[in-house]
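A.B. asks: In order, the protein sequences belong to chains A and B. Taking my numbering, I'd label the letters of the first sequence as residues 1 to 111. Taking my numbering, I'd label the letters of the second sequence as residues 1 to 114.
One or more hints might be untrue.
Stated by the list, open to error - Pairs of lysine to any residue, SDA-like flavour, derived with a Cα cap of 20 Å: (1) B:K83 - B:E15; (2) A:K106 - A:L46; (3) A:K103 - B:F88; (4) A:K17 - A:M62; (5) A:K17 - A:K103; (6) A:K56 - B:E102; (7) A:K3 - A:T28; (8) A:K103 - B:L45; (9) A:K103 - B:E15; (10) A:K3 - B:T112; (11) B:K9 - B:E102; (12) A:K103 - B:I60; (13) A:K41 - B:P107.
As the list claims (entries may be wrong) - Derived list of chain A stretches under chain B, where covered just means 3 residues or more per stretch with a C-beta under 8 Å from a C-beta of chain B: (14) 41-54; (15) 101-107.
What the hints assert, rightly or not - Residues of chain B clear of chain A, computed beta-carbon distances all greater than 12 Å: (16) P8; (17) K9; (18) N18; (19) S22; (20) N26; (21) A31; (22) R44; (23) L45; (24) S49; (25) V52; (26) Q56; (27) S67; (28) K83; (29) T95; (30) T100; (31) Q103.
None of these hints come from the bench; they were simulated from the model. A virtual CB, placed ideally from N, CA and C, is assigned to each residue, including glycine.
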Amino acid sequence: ELKVEQNPLFLSMQEGKNYTIYCNYSTTSDRLYWYRQDPGKSLESLFVLLSNGAVKQEGRLMASLDTKARLSTLHITAAVHDLSATYFCAVDIGGSEKLVFGKGTKLTVNP
Amino acid sequence: DGGITQSPKYLFRKEGQNVTLSCEQNLNHDAMYWYRQDPGQGLRLIYYSQIVNDFQKGDIAEGYSVSREKKESFPLTVTSAQKNPTAFYLCASSTWTSGTYEQYFGPGTRLTVT
Numbered sequence: 001e002l003k004v005e006q007n008p009l010f011l012s013m014q015e016g017k018n019y020t021i022y023c024n025y026s027t028t029s030d031r032l033y034w035y036r037q038d039p040g041k042s043l044e045s046l047f048v049l050l051s052n053g054a055v056k057q058e059g060r061l062m063a064s065l066d067t068k069a070r071l072s073t074l075h076i077t078a079a080v081h082d083l084s085a086t087y088f089c090a091v092d093i094g095g096s097e098k099l100v101f102g103k104g105t106k107l108t109v110n111p
Numbered sequence: 001d002g003g004i005t006q007s008p009k010y011l012f013r014k015e016g017q018n019v020t021l022s023c024e025q026n027l028n029h030d031a032m033y034w035y036r037q038d039p040g041q042g043l044r045l046i047y048y049s050q051i052v053n054d055f056q057k058g059d060i061a062e063g064y065s066v067s068r069e070k071k072e073s074f075p076l077t078v079t080s081a082q083k084n085p086t087a088f089y090l091c092a093s094s095t096w097t098s099g100t101y102e103q104y105f106g107p108g109t110r111l112t113v114t
């Protein structure tokens with residue numbers, strides 16, 4: 001059974017600081033997804049990582065994938081208040097169209 | 001304007017009643033999914049359908065039922081057998097594009113059962 005673990009689950013940081021969210025998964029997979037969820041809202045796709053060593057960046061967020069370590073990271077650079085949200089990683093069950101989600105990391109960026 | 005719609009946004013029901021949540025997509029996606037989200041939790045898969053007239057149970061299918069009579073529609077019925085139905089329900093769809101089955105989500109339905 002594929003398990004996906006995120007840490008930390010809660011993250012409070014100051015504006016301007018850097019931090020990394022980690023996503024570990026238990027079985028082989030080559031596709032990993034990062035989503036953002038604002039309170040009471042749906043999920044918005046941030047990044048799709050499709051191969052070992054993949055790195056994608058959008059604004060202050062950068063995601064990477066190490067399939068050998070079964071680890072993805074979401075790095076936040078110089079955080080701003082607008083980044084406050086819950087971030088989920090999801091891993092697909094190889095060969096299927098199903099995703100397994102982590103529990104999410106609730107990020108709060110304080111002025 | 002392509003997308004996924006869910007209705008209603010909020011739904012209130014009395015315990016013991018069945019309730020049906022609507023999900024429609026005009027993205028021409030083959031696959032559709034239903035997830036449940038509880039506070040502080042990730043998403044858990046209830047049912048999914050890869051093609052019309054076919055669907056599979058996810059991790060928490062007990063107390064739920066679905067149908068897929070049309071490609072664009074995948075309604076979810078929460079039956080009275082579901083012991084704790086109050087939750088946020090999200091519908092998603094996907095298709096194979098650029099090496100991925102990236103899923104796109106609807107706005108969600110918040111169900112409260114009292």
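A.B. asks: With 12 Å as the threshold, tell me whether S67 of chain B passes as away from chain A on beta-carbon distances.
C.D. replies: Holds: least Cβ distance 19 Å, greater than 12 Å.
A.B. asks: Can you confirm whether the C-alpha distance between K3 of chain A and T28 of chain A stays at or below 20 Å?
C.D. replies: holds, 11 Å
A.B. asks: Could you let me know if the closest chain A CB is still more than 12 Å away from the CB of N26 of chain B?
C.D. replies: holds, 16 Å
A.B. asks: So is R44 of chain B really clear of chain A, every C-beta pair being over 12 Å apart?
C.D. replies: Non-interface label on R44 of chain B violated, nearest chain A Cβ at 8 Å vs cutoff 12 Å.
A.B. asks: Hint check: K103 of chain A vs E15 of chain B, CA-CA at most 20 Å. Holds or violated?
C.D. replies: violated, 28 Å
A.B. asks: Would the hint linking K106 of chain A and L46 of chain A be met if the CA-CA limit is 20 Å?
C.D. replies: holds, 15 Å
A.B. asks: Taking a Cβ-to-Cβ distance below 8 Å as contact, does the stretch 101-107 of chain A have at least three residues touching chain B?
C.D. replies: It holds, with 4 qualifying residues against the three required.
A.B. asks: Could you grab the alpha-carbon distance between K3 of chain A and T112 of chain B and see if it respects the 20 Å cut-off?
C.D. replies: Roughly 29 Å separates the two Cα atoms, so the pair is violated.
A.B. asks: For the pair supplied as a hint, K41 of chain A and P107 of chain B, confirm whether the alpha-carbon distance does not exceed 20 Å.
C.D. replies: holds, 6 Å
A.B. asks: Is V52 of chain B truly not at the interface, in the sense that its beta carbon sits beyond 12 Å from all beta carbons of chain A?
C.D. replies: The assertion about V52 of chain B holds, with a minimum of 15 Å to chain A.
A.B. asks: Does the stretch 41-54 of chain A contain three or more residues whose Cβ lies closer than 8 Å to a Cβ of chain B?
C.D. replies: holds (count 7)
A.B. asks: With the threshold set at 20 Å, check whether the alpha-carbon distance from K103 of chain A to F88 of chain B stays at or below it.
C.D. replies: holds, 15 Å
Checked against the numbered hints listed earlier, the structure breaks hints 5, 9, 10, 11, 17, 21, 22, 23, 24, 26, 29, 30, 31; every other hint is satisfied.
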